[in-house]
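Student: Line by line, the protein sequences are chains U and W.
1 is the number of the first residue of the first sequence in my numbering; add one for each residue after it.
1 is the number of the first residue of the second sequence in my numbering; add one for each residue after it.
Accuracy of the hints is not assured; some may be wrong.
Label pairs and their in silico Cβ distance ranges [unchecked claim]:
| hint | chain 1 | residue 1 | chain 2 | residue 2 | range |
| --- | --- | --- | --- | --- | --- |
| 1 | U | Ser58 | W | Val54 | 25 to 33 Å |
| 2 | W | Thr106 | U | Ser58 | 44 to 52 Å |
| 3 | W | Pro8 | U | Leu70 | 41 to 49 Å |
Incomplete in silico selection of chain U near chain W, CB under 10 Å [as the list claims (entries may be wrong)]:
| hint | residue |
| --- | --- |
| 4 | His29 |
| 5 | Tyr33 |
| 6 | Tyr35 |
| 7 | Pro43 |
| 8 | Ser58 |
| 9 | Pro61 |
| 10 | Leu91 |
| 11 | Ala104 |
| 12 | Gly107 |
Derived pair list, reagent style DSS-like, types lysine-lysine, alpha-carbon separation capped at 30 Å [stated by the list, open to error]:
| hint | chain 1 | residue 1 | chain 2 | residue 2 |
| --- | --- | --- | --- | --- |
| 13 | U | Lys11 | W | Lys103 |
| 14 | U | Lys83 | W | Lys68 |
| 15 | W | Lys68 | U | Lys44 |
In case anyone wonders, no lab produced these hints; they're calculated from the structure.
Ideal placement from N, C-alpha and C gives every residue a C-beta, glycine not left out.
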Amino acid sequence: EAGVAQSPRYKIIEKRQSVAFWCNPISGHATLYWYQQILGQGPKLLIQFQNNGVVDDSQLPKDRFSAERLKGVDSTLKIQPAKLEDSAVYLCASSSVWEGATEAFFGQGTRLTVV
Amino acid sequence: GENVEQHPSTLSVQEGDSAVIKCTYSDSASNYFPWYKQELGKRPQLIIDIRSNVGEKKDQRIAVTLNKTAKHFSLHITETQPEDSAVYFCAASSYNSKLTFGKGITLSVRP
Chain U
1 EAGVAQSPRY KIIEKRQSVA FWCNPISGHA TLYWYQQILG QGPKLLIQFQ NNGVVDDSQL
61 PKDRFSAERL KGVDSTLKIQ PAKLEDSAVY LCASSSVWEG ATEAFFGQGT RLTVV
Chain W
1 GENVEQHPST LSVQEGDSAV IKCTYSDSAS NYFPWYKQEL GKRPQLIIDI RSNVGEKKDQ
61 RIAVTLNKTA KHFSLHITET QPEDSAVYFC AASSYNSKLT FGKGITLSVR P
């Protein structure tokens, strides 16, 4: 089965610029997550979608971050304007919920450097 | 919300020895506890998981134990090998809720 696809793999931007990341989850997975992983730390959930609805976005900095999942499949995460502290790896994951388990499969991530 | 903690942040063992990594969680409603392994520059990958209706699960050299009363769960790796060196993350979630990760532990296996 194909895995979670993300693009781009790397991105370098200047602060105050905008950037967008794309994610294509595993086919049939209803749940899609965006995580931010700062170097040396665990993944921190930014937003969780169930189909095209938002389940949790409590840790998404909504003044600068936005995400959408049109048609309940692909998703994009946008940062505008970027700050130096946004430098991190942005991981997309998807899962198919059954029997209460939520095994998440991760993409390769997008490494963002803000200079 | 859920809070997952891992201690210590690093662990070094001799090849062939066992390694035990512990995590605690705060939300008694959590019922799913996966462990992920992340090698340098790569994506986190699930290595084993356990649900709250069992106390232990084993898969070859790795096992996970869960103590719901104390709200902690542990990863056990036996006969460690250099390729086990990586960052290990524990996580917890309840049905259809977010997966909350710990900060990770760096395991080093000395040849």
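Student: All hints are to be evaluated individually against the structure, with a verdict given for each.
Tutor: Results of checking the hints against the structure:
1. U/Ser58 to W/Val54: 25 to 33 Å: Cβ of U/Ser58 to Cβ of W/Val54: about 30 Å, so the range 25 to 33 Å holds.
2. W/Thr106 to U/Ser58: 44 to 52 Å: violated, 28 Å
3. W/Pro8 to U/Leu70: 41 to 49 Å: Since W/Pro8 and U/Leu70 have Cβ atoms about 43 Å apart, the given range 41 to 49 Å holds.
4. His29: violated, 13 Å
5. Tyr33: Hint holds; U/Tyr33 Cβ to chain W Cβ min 7 Å, cut 10 Å.
6. Tyr35: holds, 8 Å
7. Pro43: Where the cut-off is 10 Å and the nearest Cβ of chain W is about 5 Å from U/Pro43, the hint holds.
8. Ser58: Because about 7 Å separates U/Ser58 from the closest Cβ in chain W, which is inside the 10 Å limit, the hint holds.
9. Pro61: The hint is violated - U/Pro61 has no Cβ within 10 Å of chain W, the shortest such distance being about 16 Å.
10. Leu91: holds, 7 Å
11. Ala104: holds, 6 Å
12. Gly107: holds, 6 Å
13. U/Lys11 to W/Lys103: holds, 24 Å
14. U/Lys83 to W/Lys68: violated, 41 Å
15. W/Lys68 to U/Lys44: holds, 24 Å
Against the hints set out earlier in the document, violations occur for numbers 2, 4, 9 and 14.
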